[in-house]
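Visitor: Chain residues, written in single-letter form:
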Amino acid sequence: MKNKIQEYRKNRRVTQQELADVLAVTRQTIISLENGKYNASLTLAHKAAQYFGVTIEELFIFEGDENIDITEFMLHSSVFKKE
Amino acid sequence: MEEFRKKLKNRSMILLMLCCFAPILFAVLWFITKGASDFARGLSMGLLTSIEVCSIIGLVEALVLLRNEKSLKKKYIALTDERNKAIEKETALKFLPVSTYGIGFAAIAAGFFDIKICMTLTAVMMFNLLVFLALKLYYMKKM
Numbered sequence: 001m002k003n004k005i006q007e008y009r010k011n012r013r014v015t016q017q018e019l020a021d022v023l024a025v026t027r028q029t030i031i032s033l034e035n036g037k038y039n040a041s042l043t044l045a046h047k048a049a050q051y052f053g054v055t056i057e058e059l060f061i062f063e064g065d066e067n068i069d070i071t072e073f074m075l076h077s078s079v080f081k082k083e
Numbered sequence: 001m002e003e004f005r006k007k008l009k010n011r012s013m014i015l016l017m018l019c020c021f022a023p024i025l026f027a028v029l030w031f032i033t034k035g036a037s038d039f040a041r042g043l044s045m046g047l048l049t050s051i052e053v054c055s056i057i058g059l060v061e062a063l064v065l066l067r068n069e070k071s072l073k074k075k076y077i078a079l080t081d082e083r084n085k086a087i088e089k090e091t092a093l094k095f096l097p098v099s100t101y102g103i104g105f106a107a108i109a110a111g112f113f114d115i116k117i118c119m120t121l122t123a124v125m126m127f128n129l130l131v132f133l134a135l136k137l138y139y140m141k142k143m
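Those protein sequence lines, which keep their order, are chains A and B. Here the first sequence is numbered in the working numbering, starting from 1 and rising by one per residue. Here the second sequence is numbered in the working numbering, starting from 1 and rising by one per residue.
Derived by calculation from the structure, the hints in this document are not laboratory data. Heads up, some of the hints might be wrong.
[Said to hold, decoys possible] Distance windows between CB atoms, simulated: (1) A:N35 x B:F31: 20 to 30 angstroms; (2) B:Y101 x A:G64: 25 to 35 angstroms; (3) A:F73 x B:I87: 31 to 41 angstroms; (4) A:D69 x B:A109: 45 to 55 angstroms.
The beta-carbon is built from N, C-alpha and C at its ideal position, and this holds for glycine as well.
All chains, please: the whole structure from these sequences, using the hints.
Guide: Shown next as structure tokens:
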């Protein structure tokens, strides 16, 4: 899972330490997040998105298996099935 | 954060009690282990001494943290940081197979030299696996 944390952080002119303090995590966690070495939990993702004033989907890029196959979903969903 | 401060206060009280009662604990242990071998006595005394030393260090750390808001927050973040927790989880997860296989191989190797050591290592391995199983069952019910 990629993310745009570094991009948003730099746009806001916030240091890694400042962001870490706001999100109540260590600076190392921010570094790992920005380098894509660590995936944030739902809570941390929510906090980060809240801080930058964006949605989680805008901040985090979900690729491949991280998304559901929408066509498959439509095939099996009762909402889309003809009666 | 307030909960952490409360926890730290409680911990410092327990550690303070451990430090205050140290002479009594040493006397009780000395009395209980009377007649035991020097090795067993030394081992239990050494263990109690190390517990007391850790208590003193823990107490000093807790008192320093309770008096310094900045350090308290830093410690709280370090303890609750989700990456640190994830690292601990991953380490614990990898530790079990490595230690189990390691002890297993050591037990097999010891079997060629000393049956007592072999049986002890096998018992340790079985105990490890039993604890793992018990914890797994507990968390399966909890989550």
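Visitor: Each hint needs a verdict: does it hold in this structure or not?
Guide: How the hints compare with the structure:
Hint check: N35 (chain A) to F31 (chain B), Cβ distance near 58 angstroms, so the stated range 20 to 30 angstroms is violated. For Y101 (chain B) and G64 (chain A), the Cβ-Cβ distance of about 33 angstroms falls inside the hinted range of 25 to 35 angstroms, so the restraint holds. At about 35 angstroms, the beta-carbon gap between F73 (chain A) and I87 (chain B) stays in the expected band of 31 to 41 angstroms. Under the hint 45 to 55 angstroms, the C-beta atoms of D69 (chain A) and A109 (chain B), about 51 angstroms apart, fit the expected range.
Comparing the model with each earlier hint shows a violation of hint 1 alone; every other hint is respected.
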